[in-house]
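Engineer: So you can see what is in the structure, the chains are spelled out below.
There are 2 protein chains.
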Amino acid sequence: MLTIALPKGALLKDSIRSLKAVGLDFSGFLDSNNRQLQMLDESGRARGLLVRALDVPVYVEYGQAQLGIVGYDVLREKHPNVAQVADLGFGGCRLSVAVKASSPYRSPLDLPIHGRVASKFVTCARDYFRSLDLPVEIVPLYGSVELGPITGMSEAIVDLVSTGRTLKENGLIEIEVLFESTARLVAHPLSYRLNHDGLEEIVDRLRSRCNPVGVS
Amino acid sequence: MLTIALPKGALLKDSIRSLKAVGLDFSGFLDSNNRQLQMLDESGRARGLLVRALDVPVYVEYGQAQLGIVGYDVLREKHPNVAQVADLGFGGCRLSVAVKASSPYRSPLDLPIHGRVASKFVTCARDYFRSLDLPVEIVPLYGSVELGPITGMSEAIVDLVSTGRTLKENGLIEIEVLFESTARLVAHPLSYRLNHDGLEEIVDRLRSRCNPVGVS
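Protein chains in written order, with UniProt numbering: chain E, 1 to 216; chain S, 1 to 216.
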């Protein structure tokens, strides 16, 4: 049976809506009383797994799920061995460099050499500053990255921005966008190639509702 | 001014109680309406930072906080460069290997060679299985690790257990304890050595309420 890994959190509602539009109903996961992490779709054709966004590509990479929905930011940070088969269009945000509005920095190249940059996106931040040939120390944080500049621990942060409200509330401003992110449909490469469980048909139907990757 | 990093989540209430007993009151962080991540103690002598448990040792290592409270499990997993100065005694739990109750495995050495072990504690899990000379693949997960054996992705998990309720609800049993964990008081090594901001006095008073590390 086809298994689809769905991300908890911000992308869940739109993920469920997209799947519903192609005939797979996992809306039970949205029920506030739901404690189940696995659920059959109402037609009994597919199984949904409700996991942390960062875990979606793990389940797909190991073939425990043949399909998954996850933000492009996660794919860029973790480089999982999964096939990115469609841009689902929703969940738009961007990975940006931000600094204190009161700082003198208005571009990443203004940052001091060997300065510090706090981020949950350690790989993306490191790759980006390497591409600038600017040696900085990346400070790995797991939450509330905006505290980095506020406490003086770091000169800048690299973090996801959607509305920009968190930055504003904390006196920070964006000075550069690393990349834009949206929700992506990913597939287990071998299952997709062998078209297990009618995978291709579901991918095609989800794709026709949105943009195939590269054509967006 | 002395800054103390406090962990969000399970250890927060007892952390605040411990500090209150030595005259530092951060109970404002427990107010359900609180959105502040920084707060002065009522006497104005110290500042509290409310951060993710995994971030506590980062703030202390970088000297942004001179003291922090964090679970021993985080110290074992991340090996931060901080001084562990007291065992605060609360927050007891253990890092354990667990498998499906219906599986044939009753000891880690029963696990198949090149089997899979899902864990949030990748370093601890890898070190432990290396010490057994049992080659396994560690699958890094961020949440709901119990899904590993349930979905068949892994034969076992390495995860924190406190009451054991989550394991039981998911049909899993503990087959080995890697180590026991409690909340620890950690200090920025140089600040502690130089006794910045009367650090030693506060550490001594917290210690006298509980057990210095190594004497517990």
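Some hints here could point you the wrong way.
For identical chains, the list gives no copy identity; a pair is met inside one copy or between any two copies.
Straight-line C-alpha distance at most 25 angstroms; calculated SDA-like pairs for lysine to any residue [unchecked claim]: (1) K13 - Q38; (2) K78 - K100; (3) K20 - T151; (4) K168 - L40; (5) K168 - M39; (6) K8 - E61; (7) K168 - L37; (8) K100 - E200; (9) K20 - Y105; (10) K13 - R193; (11) K8 - S103.
Keep in mind that the hints were calculated from the coordinates and are not lab data. In this text, all values refer to a predicted model and were calculated from it rather than measured experimentally.
Engineer: Each hint should be assessed against the structure and marked as holding or not.
Structural biologist: Evaluation of the provided hints:
{"no.": "1", "hint": "K13 - Q38", "verdict": "within (16 angstroms within a copy, 33 angstroms between copies)"}
{"no.": "2", "hint": "K78 - K100", "verdict": "neither (28 angstroms within a copy, 29 angstroms between copies)"}
{"no.": "3", "hint": "K20 - T151", "verdict": "between (45 angstroms within a copy, 23 angstroms between copies)"}
{"no.": "4", "hint": "K168 - L40", "verdict": "between (42 angstroms within a copy, 23 angstroms between copies)"}
{"no.": "5", "hint": "K168 - M39", "verdict": "between (39 angstroms within a copy, 20 angstroms between copies)"}
{"no.": "6", "hint": "K8 - E61", "verdict": "within (18 angstroms within a copy, 32 angstroms between copies)"}
{"no.": "7", "hint": "K168 - L37", "verdict": "between (35 angstroms within a copy, 15 angstroms between copies)"}
{"no.": "8", "hint": "K100 - E200", "verdict": "neither (47 angstroms within a copy, 34 angstroms between copies)"}
{"no.": "9", "hint": "K20 - Y105", "verdict": "neither (46 angstroms within a copy, 40 angstroms between copies)"}
{"no.": "10", "hint": "K13 - R193", "verdict": "neither (29 angstroms within a copy, 52 angstroms between copies)"}
{"no.": "11", "hint": "K8 - S103", "verdict": "neither (36 angstroms within a copy, 29 angstroms between copies)"}
Comparing the model with each numbered hint stated earlier shows that hints 2, 8, 9, 10 and 11 do not hold.
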